[in-house]
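Novice: The chain contents come next:
Number of protein chains: 2
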Amino acid sequence: MATRRLGQQTICLPMKPAICAGAACVGPKEGEGPLGAVFDRVMEDELYGQQSFELAERQMVLDAARMAIQKARFRESDIQFFMGGDLLNQIISASFAARELAVPFIGLYGACSTMSEGLCLGSMLVDGGHADHVLCVASSHFCTAERQYRFPLEYGNQRTPTAQWTVTGAGATLLSLSPRTAPMARITHVCMGRVVDLGVTDANNMGAAMAPAAADTLLSLFEDTRTAPTDYDLIVTGDLGQIGRSLLLKLMLEQGMPLKENACQDCGLLIYEQEQDTHAGGSGCGCSASVLNGYLLPRLQSGELRRIIFMSTGALMSTTSSQQGESIPGVAHAVVLESPVEKGKN
Amino acid sequence: MATRRLGQQTICLPMKPAICAGAACVGPKEGEGPLGAVFDRVMEDELYGQQSFELAERQMVLDAARMAIQKARFRESDIQFFMGGDLLNQIISASFAARELAVPFIGLYGACSTMSEGLCLGSMLVDGGHADHVLCVASSHFCTAERQYRFPLEYGNQRTPTAQWTVTGAGATLLSLSPRTAPMARITHVCMGRVVDLGVTDANNMGAAMAPAAADTLLSLFEDTRTAPTDYDLIVTGDLGQIGRSLLLKLMLEQGMPLKENACQDCGLLIYEQEQDTHAGGSGCGCSASVLNGYLLPRLQSGELRRIIFMSTGALMSTTSSQQGESIPGVAHAVVLESPVEKGKN
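In order, the protein sequence lines correspond to chains A and B. In case it helps, our numbering puts the first sequence at residues 1 to 346. In case it helps, our numbering puts the second sequence at residues 1 to 346.
Since the hints were made in silico from the structure, they are not lab data. For each residue, glycine too, the CB sits at the ideal point set by N, CA and C.
Quick partial rundown of chain B residues pointing at chain A, CB under 10 Å, derived from the structure:
| id | residue |
| --- | --- |
| 1 | R4 |
| 2 | L13 |
| 3 | Q51 |
| 4 | F82 |
| 5 | N89 |
| 6 | P104 |
| 7 | Y109 |
| 8 | S113 |
| 9 | C120 |
| 10 | D127 |
| 11 | D132 |
| 12 | C191 |
| 13 | R194 |
Far from chain A, some chain B residues (derived; all Cβ distances over 10 Å):
| id | residue |
| --- | --- |
| 14 | P34 |
| 15 | T188 |
| 16 | Q276 |
Once the Cα atoms are required to be at most 25 Å apart in a straight line, the calculated SDA-like pairs of lysine to any residue come out as:
| id | chain 1 | residue 1 | chain 2 | residue 2 |
| --- | --- | --- | --- | --- |
| 17 | B | K16 | A | L177 |
| 18 | A | K16 | B | P14 |
| 19 | B | K71 | B | R299 |
| 20 | B | K71 | A | Q8 |
| 21 | A | K71 | B | R5 |
| 22 | A | K250 | B | R99 |
| 23 | B | K16 | A | C12 |
| 24 | B | K16 | A | M15 |
| 25 | A | K16 | B | R5 |
| 26 | B | K16 | A | L6 |
| 27 | A | K16 | B | G129 |
| 28 | B | K16 | B | R307 |
| 29 | A | K16 | B | L6 |
| 30 | B | K16 | A | G129 |
| 31 | B | K16 | B | E338 |
| 32 | A | K16 | B | Q8 |
| 33 | B | K250 | A | A102 |
| 34 | A | K250 | B | A102 |
| 35 | B | K16 | B | L219 |
| 36 | A | K71 | B | Q8 |
| 37 | A | K16 | A | E304 |
| 38 | A | K71 | A | A102 |
| 39 | A | K16 | B | C12 |
| 40 | B | K16 | A | Q8 |
Isolated chain A, as found in the complex:
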């Protein structure tokens, strides 16, 4: 069997697995943001008709998963693997959602990089013929994350200017080699990231902690595929936010691979208006998951975008590691997505 490995980190997918469908379910604040109209469902309130925020997050995952399956004209029993994760301890949103679906479950933890971690793994499994149809999910919820990582909401603590706002949202993406509908996009390459840590210890500045990992993965992808930033219509990072994005642009410039400001966007900045008081921007697994499935995939399907890099970024610390004085390691996984529309056809 020939290797599909290109260079050090990138893997080429000769079968170009199709993204058959994507679905995104978000909270009310995200619904009021600039992308509000593109999401499949906007919750009326943070509880989504449930008894707890945790149950609401789980329900978002389930709803996004079922919408993606339905859009792709599959049944739950057609799905071979349900893979994904979230920010909660022991990824209870994903695993309890998996309990409702009678589908083999692959639990992932990549912090906010989970959406692209799942797409990398899922597309390799489909490309290799090990799975027919794979559903990748990722979610986060502002209220469950605040409760677990920071303070009870009732405490009303102040946020630092570098802090990001955890997106309430879930995204689901269905991958297959034999789609039953017109594909939204195809995955041609994946690049799984190394853990990079330049010593940032401020848990309220995760963008800065993740930017070096984002640069590391991008540089590997460019080197391995012998491409440059200009070969892509768009490079979309997960949730670096204002500060992380500036740092990524600076790092890439220093490495001789400058990214054009307008061809490099960040899901954490796309999802909220400046006026929504989210400080440095959105974060959480649900941030890149909902922006990919609600906003980017339709633009690839229409041919408005031809070829993009989608790269979620994760900060891999825990409250324990931070309390023990550890710095924050970052990781970033990237996929190259191509439009199914041929050149000159739109």
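Model the placement of chain B on the given structure of chain A, informed by the hints.
Specialist: Relative to chain A, chain B alone:
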């Protein structure tokens, strides 16, 4: 590309990825148990020369990983993916260990099923040519788990008779299609499990919560591969313990697929003596990880075992889900391991 899927859940691996090497590093209590002599390293105390139990667990992961790489005559830079996880929130043992290795990191969360979750995924990636060499790790530490899930050790709480004892241990397994040493075993099939929950809510009886998932995966594997328990020298479960194992035997009998008592063993029962006061037996990701790498792989390599099912089992609850009154979902992932020794050759 032809599908490698057999039946509903099982995947056949035509390239039969080799397990090149395995290494296990365990705590002092595990060193005093019946398998004490087979582990590569036994820590002198629970701190392993570190400042905290969390740092000790991370160091175990690193040491097991580096020993496996060295035994297989690889260098760290040869490894394409470092994949695995642990029981700690945000899997800090695995992700901080990954920071030390400049290798792309795939974070997994499958609770105590992590070792076989990693083997399933890793062997599919190697089989498909997406990775050359993959290192799978899993770990747990009695003191970090007690602190996080139960009570501070200083509290000295009493344990219920159904409680299990979290193993202090880490295991690392190196998978490849091009081994540089004689393979220890080959992976021929994988079967990824569904999340199964029969409503057990007692967090001190995880064996009972995991047994239905173990039965579900085993039954799928037998059906998909048209095999029966007698086709395997041994069926090894992760950490069902005394109670979970009895329940599994009962469930399999009811389903018309009885397991023979002596051909079905549990890592949680193998690792401790009755006199070690561990109640229902060992548990934790490190339990099946250390028993596989220290005890089972050498017996496959020698030909003493020809063909076994290795199936780690996980209880997917969190303290939050338990406090919110949820029952405990279980999951079990299985791999079929074959000896490299041909029949009649030993």
